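Trainee: This is what each chain is made of:
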Amino acid sequence: MSVSRRTLALQTGAIAAAVALAAAACGSSSSSGNASSGSSGNVQGSSTAGRNTVNTATVKQGGNITWTIEKTVQDWNPLTSNGNTFDYAQVTNGIYPDVYVPQPDYSLVLNTDLMAGEPVVTNASGSTPQTIVYKIQPNAKWSDGTPVSADDFIYLWQAQNGTNPNVDVASTTGYSQIASVVGSDNGKTVTVTFKPNEPFSDWKSLFTSILPAHIAKQHGDVAASFTWLDANPPTVSAGPFEIAPGGVSADKSLIKTVRNPQYYGKAANLDEVDFRAITDSTQEPTALANGEVDGIYPQPQLDLVNRVKSINGVDYHINQGLVWEHIDLNLRNSAFGGPANADQTQPAKVALRQAMFTAFDRQGLVNRTVKQFDNQAAVLNNRMVVPGQPGYQDNVSAMYPDSGDLAKAKQILTSAGYTGVGTALVDPSGKPVPAFLMRYTVGNAIRQDTCNLFAQTMKQLGITVNVESTDALGKTLTQSDAQHHYDIIVFAWVDTPFPNSANQPIYTTTTQGNPQSNYGYYSNANVDKWLADATINPDQAAREQDLNQADAQVTKDAYTLPLYQKPTMIAYKNTLGNVRDNPTQIGPTYNIQQWGLKS
Amino acid sequence: MLAFTIRRILVSIPILILSTFLVFLLVAWGADPLGDFKSKNPPPSASEVAAREHALGLDHGLLVQYWNWIRNLVVHGNFGPSVQGAAFDINAELGRRVWVTFRLVICAIIIALILAVIVGVITAVKQYSVTDYVATLIGFFFLSLPVFWFAILLKIWATDINNATGTNIKTLGPPGGEWGGIGSWAGYLVLPTITLALVSYATWARFQRASMLDVLNSDYMRLARAKGLTPRRVMVRHGLRTALIPMTTQVTLDVAAIMGGTVITEQIFQWQGLGTMFLNGIRTQDTNAVLAWLLIAAALVIVFNLIADILYAVLDPRIRLA
Numbered sequence: 001m002s003v004s005r006r007t008l009a010l011q012t013g014a015i016a017a018a019v020a021l022a023a024a025a026c027g028s029s030s031s032s033g034n035a036s037s038g039s040s041g042n043v044q045g046s047s048t049a050g051r052n053t054v055n056t057a058t059v060k061q062g063g064n065i066t067w068t069i070e071k072t073v074q075d076w077n078p079l080t081s082n083g084n085t086f087d088y089a090q091v092t093n094g095i096y097p098d099v100y101v102p103q104p105d106y107s108l109v110l111n112t113d114l115m116a117g118e119p120v121v122t123n124a125s126g127s128t129p130q131t132i133v134y135k136i137q138p139n140a141k142w143s144d145g146t147p148v149s150a151d152d153f154i155y156l157w158q159a160q161n162g163t164n165p166n167v168d169v170a171s172t173t174g175y176s177q178i179a180s181v182v183g184s185d186n187g188k189t190v191t192v193t194f195k196p197n198e199p200f201s202d203w204k205s206l207f208t209s210i211l212p213a214h215i216a217k218q219h220g221d222v223a224a225s226f227t228w229l230d231a232n233p234p235t236v237s238a239g240p241f242e243i244a245p246g247g248v249s250a251d252k253s254l255i256k257t258v259r260n261p262q263y264y265g266k267a268a269n270l271d272e273v274d275f276r277a278i279t280d281s282t283q284e285p286t287a288l289a290n291g292e293v294d295g296i297y298p299q300p301q302l303d304l305v306n307r308v309k310s311i312n313g314v315d316y317h318i319n320q321g322l323v324w325e326h327i328d329l330n331l332r333n334s335a336f337g338g339p340a341n342a343d344q345t346q347p348a349k350v351a352l353r354q355a356m357f358t359a360f361d362r363q364g365l366v367n368r369t370v371k372q373f374d375n376q377a378a379v380l381n382n383r384m385v386v387p388g389q390p391g392y393q394d395n396v397s398a399m400y401p402d403s404g405d406l407a408k409a410k411q412i413l414t415s416a417g418y419t420g421v422g423t424a425l426v427d428p429s430g431k432p433v434p435a436f437l438m439r440y441t442v443g444n445a446i447r448q449d450t451c452n453l454f455a456q457t458m459k460q461l462g463i464t465v466n467v468e469s470t471d472a473l474g475k476t477l478t479q480s481d482a483q484h485h486y487d488i489i490v491f492a493w494v495d496t497p498f499p500n501s502a503n504q505p506i507y508t509t510t511t512q513g514n515p516q517s518n519y520g521y522y523s524n525a526n527v528d529k530w531l532a533d534a535t536i537n538p539d540q541a542a543r544e545q546d547l548n549q550a551d552a553q554v555t556k557d558a559y560t561l562p563l564y565q566k567p568t569m570i571a572y573k574n575t576l577g578n579v580r581d582n583p584t585q586i587g588p589t590y591n592i593q594q595w596g597l598k599s
Numbered sequence: 001m002l003a004f005t006i007r008r009i010l011v012s013i014p015i016l017i018l019s020t021f022l023v024f025l026l027v028a029w030g031a032d033p034l035g036d037f038k039s040k041n042p043p044p045s046a047s048e049v050a051a052r053e054h055a056l057g058l059d060h061g062l063l064v065q066y067w068n069w070i071r072n073l074v075v076h077g078n079f080g081p082s083v084q085g086a087a088f089d090i091n092a093e094l095g096r097r098v099w100v101t102f103r104l105v106i107c108a109i110i111i112a113l114i115l116a117v118i119v120g121v122i123t124a125v126k127q128y129s130v131t132d133y134v135a136t137l138i139g140f141f142f143l144s145l146p147v148f149w150f151a152i153l154l155k156i157w158a159t160d161i162n163n164a165t166g167t168n169i170k171t172l173g174p175p176g177g178e179w180g181g182i183g184s185w186a187g188y189l190v191l192p193t194i195t196l197a198l199v200s201y202a203t204w205a206r207f208q209r210a211s212m213l214d215v216l217n218s219d220y221m222r223l224a225r226a227k228g229l230t231p232r233r234v235m236v237r238h239g240l241r242t243a244l245i246p247m248t249t250q251v252t253l254d255v256a257a258i259m260g261g262t263v264i265t266e267q268i269f270q271w272q273g274l275g276t277m278f279l280n281g282i283r284t285q286d287t288n289a290v291l292a293w294l295l296i297a298a299a300l301v302i303v304f305n306l307i308a309d310i311l312y313a314v315l316d317p318r319i320r321l322a
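Residue numbers (the numbering used here), protein chains in the order written: chain A, 1 to 599; chain B, 1 to 322.
It is worth saying that the hints were derived from the structure and are not from the lab. Bear in mind that the values here come from a model prediction, so they are computed numbers and not experimental data. Don't take each hint at face value.
Facing chain B, a subset of chain A residues (Cβ under 8 Å, in silico) [to be verified]:
| hint | residue |
| --- | --- |
| 1 | ALA250 |
| 2 | VAL258 |
| 3 | ALA287 |
| 4 | GLU292 |
| 5 | LYS573 |
| 6 | ASN574 |
Derived contacts from chain B toward chain A, CB cut-off under 10 Å, selection only [as the list claims (entries may be wrong)]:
| hint | residue |
| --- | --- |
| 7 | SER82 |
| 8 | LYS155 |
| 9 | THR159 |
| 10 | ASN162 |
| 11 | GLY173 |
| 12 | ARG283 |
Each residue gets a CB set at the ideal place from its N, CA and C atoms; glycine is no exception.
Extracted from the complex, chain B is given alone in its bound form:
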């Protein structure tokens, strides 16, 4: 197991480097970090442009720029200067924003997971019943919902509810990631959590249903029933436990995707997390900020993939990693 883990970590390093290189080229070719600056009216002088290019390291060729970036990162742990201003420290921003995004995501995952397991099990056990059809319909409804549209709809409903009842549901994220009291905490979380949770729930519930159906139709379940175990014991001890194994790995894999995929949710609810950092980086043609986001996203994918594999081995005694 240890050798497997180490090998996987080592393999991930060139993958990370390659992905950063590709994105570096795409961003660098796609936009001029000083485009806005050069377009100012009155325009900056050639010497002012040159000074800024020098300060940002843009006066070198692309390959040198990339080399400088990666060297700076490896040697100094520094993601480099930002075109977004003197006070925009990419390292500090990353450190702060990871937790903002994490807090946003974790509640959604917990709620989605609980809902998905319950609904997945019920719909599997009551396959082709009215309950199954209704749950399936609802699941597909949420699956097909465009997140940005649903989120905006939620915000408008929340505003109406607030105006009608005096509640304090927030449509904007907590400034500085500061929650305030428990009421304020809930006010900030409710809308983005619902948005993120329902989409994940729909996917996971379908996954759990399929997994549970596989298990229910297996020989050992029939044997368990034949041995005279109670239906509840058969379902929970033998069925659910086994059906949760693929679900566990699926959720673990999805955590990274959800973390990286909160761009739209963060933007709509104005949470200053990783997603908004990425969008602002794109808007301002801030190559270093975009690269930093990519590195975190790619690292999350690799780490959670690794965790998924390890969990799979731990949970399923038939699997052994070498």
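Next up, chain A with everything else stripped away, as it sits in the complex:
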């Protein structure tokens, strides 16, 4: 009984730290799943175009269901940096409406419950700025009877235009280019005028999650009210559902939403949709099998998919999503490029980068990983858009074959003057090519496999690649300190249905210390020009051409190598109708008012 208390306390700290590290590994691995497409009990691989009608059914009025989310809901404003979280949006999608709703096939459909006709867009011309006129449905109102009006649009713009640093917003994209938002016609007409010379081609991404300005006004200025809306569950709804009285459990693990009786559009079929947080995705199939939840939307992994397959009375679908894995080179490394303002186009350096990408067997990687449970998993060959999005074309495989080409890679190196190809690579100036450090997110087994396969391939070129994990991807990407740096890295980007504005910060020339999303400091003047044009050009075909030109150039410059799309997976009781996967950022609840029990 003479155990040292100091020892005990220190042991506690040590154990806590050990568990912390183990938990961090677990946490990271949950974001590492993989892709496939198909469906359940009666497996059906739906093409992108066919996704919008999967599980279309006649349903009856009434009924309650419980849908799974993977986080307890801590934020209620989908437009703040914390609130902009996929799982939170599953709850608020039925409460705060969007002007345009992303569909499962990546198209955008006008919310005709809310809007009275397509917005009228006047493109910029000379000094005349771009304008958009929105018409709100005359009967559109919040659940407390207050009309949905221009005030709500103005509030969103004021909060997200980036002029007030005290407002915590997830993004200012598009809103920062708006000069004014003006209401007329009793607030039912909204005129948005962009700044001169700053048109915005992805204008359909604007005015999502419309918030109640009249409630905001009761809680201080824009910054204060935006935060208040983040910290408090919605008190009013302009969507088909609203938070039930007392519907948020103390631990925020159960959110009850009920049909909004004041909804001005077609009423929801279900009486109630409850959202249950299960923060460990591996526990979701058992909860589904046990009837504690009616649907789940986990990141698929082999074991999880097999478990779902074994559940009776459940349908599942796996689709290719908008999240895609890729390998990036850090062009600040002098072997690849060099420090700021260095010439990244030196032939020997370009050849080295191209040879590395040429040699890598991406198809082999897909076969060993995601294809284990997704027979439609495929190599991705475009960085700007994914298959099914407008403008997709293969800009990669002609240069970097899906299955890799080791002989061709060696030939590229030899032609560029490298020696020691296949043994110990020496550059044309006689300097040994240094060993490279490749990083992956700790606990992410598939990324670890990717790194190991890449390193093995590079060894065959005579290049040493040392593989290390990182427990802080953000720090490593921004190279915030000496411990967090990389030469090569594997991670994922999340595309959106708005590629024109989303890709610009990833590939546009940036300055040292301020990489935006261009963490590897890639620089090409033409790419800058094409991506800038894509953000403003009103012509869809021209924008697609811009993106593909930029993508082809990035391929040629060998900065990033796209690998594959990560899959999404939905599973639900087969008594549910109109529930389907939506692999865009809006998720399955995009059509929650259509959900119902099959009649």
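Let chain A serve as the given structure and place chain B on it in line with the hints.
Mentor: For chain B alone, kept in the frame of chain A given last:
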């Protein structure tokens, strides 16, 4: 006794501070609280990042950050802001979650203790009998069970039982810690209780068996038997009472460990207690939430150690604390 207690409490304060400091450094060095935020696409601007760093106090050096945290805790009783969102109040969460975890643990401890004492006594009395061997085998089986595997197995069995018989055994914890009626209460508790109880039972049963064997072989037991007392009286009044003393202190020490060690059980059964708070804190690189958990865990260890020592002195007249 009072002086001893006060001295022990005072000694525990620097231990607590040291442990929080170590964990603070480990967590702060290991992860960037704004890592997820900075990795968003499109990325936040430098001013947005700076504003968040300021709001969370991350714009200071590590030592200053720690000093601010400890000062805030001592002066205001506040564990600081969380990166998990505007509505995530660490103080309130702790207050609520302690009871969630406590409720989860208490049933398991009671069941495990009763089982362990019964089995420990029987196997000691019937040492090297078939009963002893079987109980020992079962004990070692439960001791060697990986908790996460056993818990998942239980959940799958429960699902099959529910589907076959219409029972309502839950695989998820009660949302908001709200039990519902007695049937619902039992439905929530049965699986995590079995998981936690069986592992503790196995350890304690072995402990009780060893303790009982020590007592059975002691001189005073022989004397009691020689005096002509009935075997039952010898066993219960003289044997068991003495053998329970080390068991009592062992269980008291283990309570803190079990409370702190429910991380896996809570995660698998989705109880929103201290364990899930800790895991979520790790996932979101929420230094303050992790520190709060550590402080509670460390405090529990110290408090229950103290209780164990005091209980030992109270139960065993040969021990006196000075």
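Trainee: Work down the list of hints and note, for each, if the structure agrees.
Mentor: Going through the hints against the structure:
no.: 1; hint: ALA250; in the structure: holds (4 Å)
no.: 2; hint: VAL258; in the structure: violated (16 Å)
no.: 3; hint: ALA287; in the structure: holds (6 Å)
no.: 4; hint: GLU292; in the structure: holds (5 Å)
no.: 5; hint: LYS573; in the structure: violated (13 Å)
no.: 6; hint: ASN574; in the structure: violated (15 Å)
no.: 7; hint: SER82; in the structure: holds (8 Å)
no.: 8; hint: LYS155; in the structure: holds (5 Å)
no.: 9; hint: THR159; in the structure: holds (4 Å)
no.: 10; hint: ASN162; in the structure: holds (6 Å)
no.: 11; hint: GLY173; in the structure: holds (8 Å)
no.: 12; hint: ARG283; in the structure: holds (4 Å)
Consistency with the previously given hints fails for numbers 2, 5, 6, ordered from lowest to highest.
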